[in-house]
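Here the protein sequences come in this chain order: A and B.
Per the working numbering: the first sequence = residues 273 to 394.
Per the working numbering: the second sequence = residues 34 to 321.
Some hints here could point you the wrong way.
Below, a list of computed lysine to aspartate or glutamate pairs in the DMTMM-like style, where the Cα atoms sit at most 25 Å apart [stated by the list, open to error]:
#: 1; chain 1: B; residue 1: Lys188; chain 2: B; residue 2: Asp115
#: 2; chain 1: A; residue 1: Lys377; chain 2: B; residue 2: Asp275
#: 3; chain 1: B; residue 1: Lys164; chain 2: B; residue 2: Asp275
#: 4; chain 1: B; residue 1: Lys212; chain 2: A; residue 2: Glu381
#: 5; chain 1: B; residue 1: Lys164; chain 2: A; residue 2: Glu364
#: 6; chain 1: B; residue 1: Lys164; chain 2: B; residue 2: Glu231
#: 7; chain 1: B; residue 1: Lys208; chain 2: A; residue 2: Glu357
#: 8; chain 1: B; residue 1: Lys117; chain 2: A; residue 2: Glu357
#: 9; chain 1: B; residue 1: Lys117; chain 2: B; residue 2: Glu196
Incomplete in silico selection of chain A near chain B, CB under 7 Å [claimed, not checked]:
#: 10; residue: Phe344
#: 11; residue: Met360
#: 12; residue: Met376
Hints in this document: simulated from the structure, not taken from any laboratory.
Each residue gets a CB set at the ideal place from its N, CA and C atoms; glycine is no exception.
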Amino acid sequence: MARNCLVVDDSRIVRKVARRILEANGCAVSEAADGQQALDVCRAGLPDFILLDWNMPVMDGIAFLRALRGEFGADSPAVVFCTTENDMTHIEMAITSGAREYIMKPFDEEILMGKLGQAGLL
Amino acid sequence: MTIPLSATAFATLAGLLKTRSGLIIGQDKVYLLETRLVSILRREKLPDLNALADRLGRPGVEPLARDVIDAMTTNESFFFRDDKPFQHFRLQALPRLLAARPPGTSSRIWSAAASSGQEAYSLAMILAESKALIGDRKIEIVGTDIAREPLARAKEGQYTQFEVQRGLPVQMLMKYFKKEDPNWRIEAAIRQMAQFREFNLLGDLRPLGRFDIVFCRNVLIYFDQPTKTRVLEAMAAQMPPDGLLYLGGAETVLGITSRFAPLPGERGVYGVVTAPAERQALAPAWVG
Ligand SMILES: C[S@@+](CC[C@H](N)C(=O)[O-])C[C@H]1O[C@@H](n2cnc3c(N)ncnc32)[C@H](O)[C@@H]1O
Chain A
273 MARNCLVVDD SRIVRKVARR ILEANGCAVS EAADGQQALD VCRAGLPDFI LLDWNMPVMD
333 GIAFLRALRG EFGADSPAVV FCTTENDMTH IEMAITSGAR EYIMKPFDEE ILMGKLGQAG
393 LL
Chain B
34 MTIPLSATAF ATLAGLLKTR SGLIIGQDKV YLLETRLVSI LRREKLPDLN ALADRLGRPG
94 VEPLARDVID AMTTNESFFF RDDKPFQHFR LQALPRLLAA RPPGTSSRIW SAAASSGQEA
154 YSLAMILAES KALIGDRKIE IVGTDIAREP LARAKEGQYT QFEVQRGLPV QMLMKYFKKE
214 DPNWRIEAAI RQMAQFREFN LLGDLRPLGR FDIVFCRNVL IYFDQPTKTR VLEAMAAQMP
274 PDGLLYLGGA ETVLGITSRF APLPGERGVY GVVTAPAERQ ALAPAWVG
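Work out the full structure: start from the sequences and follow the hints.
Have a look at this one:
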């Protein structure tokens with residue numbers, strides 16, 4: 273069965289690239305351009321996992337992650353950060369806030385699929 | 034490159050690589066010579082590979098020959114590559130090894146084509162995670178490679194952002210790495226668990242000493258069959274009867290040597306077959 277993935281990123285290009293890779297690997301993809309949109313998508317139906325940018329207008333990734341965990345509980349859906357933030361402080365904040373994996377941009381198919389595999393999401 | 038590679042020049046280059054590093058370059062891989070040696074041509078101000086081959090035929094060119102050999106190696110590696118072998122090591126091989134060795138003895142693990150060190154450090158991180166099991170026993174990790182540049186990087190333990198995202202779970206990155214902008218460096222405690230040195234697998238293995246566990250992954254694929262046999266049999270001679278060998282996904286001992294036999298139900302893990310007289314039994318000592 274296809275895994276449902278929500279891609280949250282304010283860049284249309286990043287969403288398009290991620291979608292292409294994920295679909296080629298058998299995932300069903302939905303998109304959101306910021307954290308608020310992503311919350312709305314989740315309220316309509318939770319995806320299996322979320323690929324999440326950090327810096328976005330309206331609601332950023334970490335605020336979204338906290339809201340998501342507050343509203344839907346600690347366990348699901350799994351969240352994998354995918355961001356240009358590439359220092360230990362951000363990584364630790366993401367993981368302690370409930371993200372399962374962390375991708376530092378730029379990414380390619382190998383990194384994305386590798387990280388999803390390690391996170392047990394494939 | 035306009036002038037095509039002459040048959041003699043090809044024979045010189047391919048011959049050097051085969052005798053010195055075991056690397057087999059077929060006629061269909063001439064493009065590899067072209068792409069990988071282009072920076073040496075530029076540095077030496079040589080017009081093409083024919084001129085390089087010609088230069089290599091003269092005396093006093095050992096440093097150049099070494100550079101050619103290094104430049105032709107494929108150093109691709111990543112942390113916890115293929116995952117399965119490392120799981121097997123952590124869950125099966127390591128507990129068995131510790132149970133089989135009396136306290137106070139030390140054990141040795143060899144990363145036989147270590148490249149830039151990801152394999153050796155993956156093993157070191159597993160050992161660090163298994164501290165409770167290991168106690169105060171000493172386990173040495175030795176990483177060797179023929180190529181000097183990746184070895185130097187292994188010693189530094191420094192990796193690019195791309196490299197720390199290949200195979201390395203973020204938990205391990207957080208626990209064992211520090212950012213040294215723009216790279217990431219594996220922490221000193223892990224670095225100290227592995228030592229790296231230059232070593233050619235075609236050479237005499239005996240000075241390296243004995244190894245309980247050998248990771249020889251993704252290097253035999255570059256050798257021809259007689260070379261594979263020679264290297265594997267020399268390795269077996271350096272290992273105890275319960276020694277274990279890990280090969281890469283595209284490598285096997287089958288049809289190459291009977292000094293190792295696959296562990297039943299495992300892929301890529303081989304046990305030493307003790308005495309030639311017992312070969313018919315084909316059961317590695319490790320299983321029995
Ligand atoms: C593809 S890397 C494998 C790295 C690691 N074992 C892994 O599986 O990720 C192959 C390495 O074998 C080394 N190599 C090739 N010929 C060798 C030889 N004759 N002796 C020692 N190392 C050799 C190369 O320099 C290269 O770093």
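Check your understanding: Given Phe344 (chain A) was flagged as interface, is its beta-carbon under 7 Å from a beta-carbon of chain B?
Key -> At 22 Å from the nearest chain B Cβ, Phe344 (chain A) fails the 7 Å test, so the hint is violated.
Point to revise | Given pair status - Asp115 (chain B), Lys188 (chain B), alpha carbons within 25 Å | key: 23 Å, holds
Review point. Is the Cα-Cα distance between Lys117 (chain B) and Glu196 (chain B) 25 Å or less?
Key: 19 Å, holds
Review point. Is Lys117 (chain B) close enough to Glu357 (chain A), meaning Cα to Cα at most 25 Å?
Key: 31 Å, violated
Exercise for review: Please work out if Lys377 (chain A) and Asp275 (chain B) have their alpha carbons no farther apart than 25 Å.
Suggested key: 44 Å, violated
Review point. Does the alpha-carbon distance linking Lys164 (chain B) and Glu364 (chain A) stay inside the 25 Å limit?
Key: Roughly 24 Å between the alpha carbons, so the hint for Lys164 (chain B) and Glu364 (chain A) holds.
Check your understanding: How about Met360 (chain A): closest beta carbon in chain B under 7 Å, or not?
Key -> At 6 Å from the nearest chain B Cβ, Met360 (chain A) passes the 7 Å test, so the hint holds.
**Study point:** Hint consistency between Lys208 (chain B) and Glu357 (chain A) [alpha-carbon to alpha-carbon, up to 25 Å]
**Key:** 18 Å, holds
Review point. Holds or violated: are the alpha carbons of Lys164 (chain B) and Asp275 (chain B) at most 25 Å from each other?
Key: The hint holds at about 22 Å.
Exercise for review: Double-check Met376 (chain A) for me: the hint is only fine if its C-beta lies closer than 7 Å to a C-beta in chain B.
Suggested key: 5 Å, holds
Review point. Keeping to a limit of 25 Å between CA atoms, is the pair of Lys164 (chain B) and Glu231 (chain B) held or broken?
Key: Measuring from Cα to Cα gives roughly 29 Å; hence the hint is violated.
Point to revise | Lys212 (chain B) paired with Glu381 (chain A) [C-alpha distance capped at 25 Å] | key: 24 Å, holds
Taken one by one, the earlier hints fail for this structure at numbers 2, 6, 8, 10, listed in ascending order.
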